[in-house]
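S.K.: Place chain B on chain A using the hints.
Residues per chain are reported as follows:
Number of protein chains: 2
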Amino acid sequence: MTDAPDPLVIFTPSGKRGRFPAGTPILTAARQLGVDLESVCGGRGVCSKCQVAPTFGEFAKHGVTSSEGAVGPMNAVEQRYDRVRGLIDGRRLGCQATVQGDLVVDVPADSQLHKQVVRKRAEARTITMDPATRLQCVEVEQPDMHAPTGDLERLKTALALPDLQVPPAFLSHLQPLLRKGNWQVTAAIFEDHTGAPPRLLDLWPGYRETPLYGLAVDLGSTTIAAHLTRLDTGAVVAASGVMNPQIRFGEDLMSRVSYAMMNPGGAAEMRDAVRTALADLAAALVAEADLDARDVVEATIVCNPVMHHILLGIDPVELGQAPFALAVSDALNLAAGDLDLGTINPAGRVYILPCIAGHVGADAAAVALSESPHRAEPLTLIADVGTNAEIILGNKSKLLACSSPTGPAFEGAQIAHGQRAAPGAIERVEINPETKAPRIRIIGNDHWSDAEEFGTDTAVSGICGSGIIEAVAEMRMAGVMDASGLIGSAEQTGSDRCVPDGRTYKFLLWAGGETGPDIYVTQGDIRAIQLAKSALYAGARLLMDELGVDHVDRVVLAGAFGAHISPKHAMVLGMIPDAPLDQVSSAGNAAGTGARIALCNKAMRAEVEALVRQIQKVETAIEPRFQEHFVAANALPHASDPFPHLRAVTPLPDVQFNAAAGQGRRRRRRDG
Amino acid sequence: MTDAPDPLVIFTPSGKRGRFPAGTPILTAARQLGVDLESVCGGRGVCSKCQVAPTFGEFAKHGVTSSEGAVGPMNAVEQRYDRVRGLIDGRRLGCQATVQGDLVVDVPADSQLHKQVVRKRAEARTITMDPATRLQCVEVEQPDMHAPTGDLERLKTALALPDLQVPPAFLSHLQPLLRKGNWQVTAAIFEDHTGAPPRLLDLWPGYRETPLYGLAVDLGSTTIAAHLTRLDTGAVVAASGVMNPQIRFGEDLMSRVSYAMMNPGGAAEMRDAVRTALADLAAALVAEADLDARDVVEATIVCNPVMHHILLGIDPVELGQAPFALAVSDALNLAAGDLDLGTINPAGRVYILPCIAGHVGADAAAVALSESPHRAEPLTLIADVGTNAEIILGNKSKLLACSSPTGPAFEGAQIAHGQRAAPGAIERVEINPETKAPRIRIIGNDHWSDAEEFGTDTAVSGICGSGIIEAVAEMRMAGVMDASGLIGSAEQTGSDRCVPDGRTYKFLLWAGGETGPDIYVTQGDIRAIQLAKSALYAGARLLMDELGVDHVDRVVLAGAFGAHISPKHAMVLGMIPDAPLDQVSSAGNAAGTGARIALCNKAMRAEVEALVRQIQKVETAIEPRFQEHFVAANALPHASDPFPHLRAVTPLPDVQFNAAAGQGRRRRRRDG
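Chains as they are written, first to last, in our numbering: chain A, 1 to 672; chain B, 673 to 1344.
Hints were generated in silico from the structure; no laboratory data involved. The beta-carbon is built from N, C-alpha and C at its ideal position, and this holds for glycine as well.
Keeping only pairs whose Cα atoms sit at most 20 Å apart, straight-line, the calculated SDA-like set for lysine to any residue is:
hint	chain 1	residue 1	chain 2	residue 2
1	A	180	B	994
2	A	180	B	992
3	A	398	B	819
4	A	617	B	814
5	B	688	B	706
6	A	180	B	936
7	B	852	A	261
8	B	852	B	811
9	B	688	B	728
10	A	617	A	405
11	B	852	A	317
12	A	398	A	377
13	B	852	A	321
14	A	398	A	616
15	A	16	A	100
Selected chain A positions facing chain B (Cβ under 10 Å, derived; list incomplete):
hint	residue
16	146
17	149
18	312
19	322
Looking at chain A on its own, in the form it has when it is part of the complex (with noise of 0.2 Å):
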């Protein structure tokens, strides 16, 4: 007996591998195999985190044989638990169960630490959950004149943690507490990736059975978007999104560094702004989950350089004028007290996410994280659209990053008849190139306007983002406007829906009736979007001969605003390089997946730290080729630059109003 060899332990899904002496609890086992299973009570049969399913029969795979008489039976504690809690038909609690032959165990999804968290779209990451806040359950050793230490350093010492830091004001706290819950505690333990010491962030007597609570915010410049999210398996319990209050200080983020400039005490008016928004958004997550407050331990923001300078109480008049100086770039790891975010646990932990520069930020940084260009082979170009572009571009060799000013005319400002998304907004756009009748489909009505189901007296309010973009870029194919972006006058383009406009011409879009006003496309329309496009385009271009390529294999369009754009019609603008069309998609809203991914695993704060040390920023503010791309770019999709893949799919007409505009600019004809 005493030479046969130890029992034999497979742990699957891992395949992990181990002999143990008859006796040893799985937990043990699986510990001491390295096997991703959760324990939060300490093994002491309480949490029923570490559950597991024996399985027997013979694995030729394995070349084992696990009988039934290879698992211990339920001892009291388990047998307890089982009574009064109720276990899975097959589960055991893998601290009570014991190895005593030959066995298969397997590891169930639910008892794994590391739960992946699936997204949606087919090409992103999966989450593995690694939050830098876990629950430990522990028992604590009652004083002993004898050995006189403290009560605190008897909690260290039972959660293992010597260097453990401790708030201050917490001290008041812990004498009652250990004696409330008879010297059981279950703490939150908060390790970042940083090696700073574990910090407590709270405790509360006996064992906890609920799960943290964190928070991934995207600050925007216009909208402040937040998600409250499981620190255990990474669901979402609510997400809300408010408008940033600072939209009164200035709609733009140059205006605010402005009002900072213009105003003493700006900086700290807008700080307080923001810092308030946030914090009655976490009150309402938090309520609309029905929470409390102390269960969400943790925040992850991401934001452009003057969102987080001014959510810092940082002055942004540096970030105004060359050189662009951020005050800090590094990530940040903040008390939530820091941010007066006093609505979720007071001990509670920020992390801001690194900026890229002055005019590239950690929404940019965070878009970074979430698409991951740096773990691919395929050359990807990124564009996070709004009031400025953040431009990625770059695979697994090179990462290369810009910001463009494109101004607010793809968010449907500077557009006569442009609005914001919302009922009632035109987001479709198609024209017949015979006829040269448009049809719309707008936010709220699932049915093109042609179709009996629209409606006769659905009322058309105005072109949002997408919908402009769709309409310019269908006039253009259907030949009503051409490669210079001059609309045709109706005789030039046999289309009565042109009509004149002061000096130039307009392109009815949509007649109101009895329902609601003309919609007009103007020529100060195409311009504004002729502006704002070759912005994103000369960025994209300038980060193209940084790396010394003429072309990408994919583009991904970041942002709300990227998620409704059509890729065809966005490359019919020009707005973003020639690529395959089935390789251009939208990422939806990647910073608020980056914040969310830096919330649930804490590696992950360290990837897109040293991601934004790899990233090569490029200022296009002052290179000169930003310019000449600038121009080159006006024309639509482009004035010499080919764009195959686009004309393989969409013929673009050959016509020209120059003349007809009756401006004397000079003809201009390369494609198109």
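M.R.: What follows is chain B alone, placed relative to chain A:
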């Protein structure tokens, strides 16, 4: 030439030596050899801290001839410094002067980074300056659009501190400050013994000339004393003490614990009182020394466990009952704001020394650090006498500590004519063994009462702690009181100063006449002193038992009270174990000195923490032998211990007044 060895440089007084290429700055050579030479400005000829004195001639001891040509001539930077600020004759700036040949260089004491503070008492150790906070002046790289790191990141690079921790509130000041200093700044960097990353405490534009300061606080039950200390030289620039305002919640510690137990919010009320007093005291010292509060960047605090907990906002209720559990026992590293210490630098750091046990606090730890019995061979007994006595016994092999409830008699309380140590209080007593006539000295008068210069109209107001000890001891030596503590009648003693007082007698120490009250020592006074000294002696004996010894080599009396006690009289009373009289000394305010040591030298923080872990705690309250020792110690000096050293210098009359007391008490005589 190429084969000639590089010049040899020898630094005195360290004797460190090495060869360096001609042209090497002396500071560079010093740093490479690990010579203790200060520099704040990073070798830019600004701070002048690195001044050295090249010395010339033949140095047979070092085997080198140092010629005048061995140090290079003054360069423009050094000439400018000499012209504008002036160099002492023979001094050179180590960062500018270069090695040109074999050279002996003296590092004057004021250029040493780790200056030594010589303490006044001969047996006291010197304090080597090595504070946790240092000043560092650097030139920060200006922002560069092509390498867009933040200003903070470039500051960290300039300081060569990549992991520098920066208070978030500081970020808003950084950019204007760097620009104001034209990219030169002086940083206060805090880096303590814990291995925690360095912390930025403050930043000044340009080069900061003036030193930083720290506050060493001895937070006693009755008084709060603080020393405002230069962190470069260790010099005390202002010192003050105030009454602890908590006195209104109870004179002694246990009545304050009771106050917290009986009054909801009582602990918070006491916390606020002591924090306000501490802040006010700091503000007063800063004003007295005419400093900017920002210049005070550190504080160290020593106190007993009850004060410790109240200061931290911890309800001290657990300290009032067995097992006397401390909430926290380890040393604490806090921010000034954690203690509402708003009158020093807002980013300032506070170090609270560790507690030894529920009854033996950080003040006792500070005494141990200051007296350092663990560094010596002789077996040393240290008693810090107050309302409680903290007693430490040991040597380099082993250390023990306990606390003993002496009560307030030694502080003049519970004594019929007792008073605090103040002008007019009797502090010295001698009684003529023949005539039984006393003579006294009072605080505020340099003469004995039998000298003409004492004056005939001097008011004597009472007896202070040291006075009552001398009085009782002298009564024992003069035979007006017997070994059991009974005062004899006039008949028994032959002195009409012994007058009836109810069923006992009292002794007239001072006839006030027209100038003040008659001052008596009553039988009740003797009993109070006996209780107090028995407790102290029993505690010491308990430690001696634990250590298995029957005598000690040295006795140190610490505390304000200890400073004024006559060793012989203390031994006649049997307060302390018998020892050679010349081995009984006073350490003054050793707790306060311990606080100063921890302020001036961060390694001493590690030392006191190790020391506390090493000290074995003995709990007097639950040790049955304590009662035995207490009873045996009631006699003066002792019922059974022989006190050979004492008897060799002072005969003690063998009198007994038992029967005369008329109380039927059992006759009791062993010795004396």
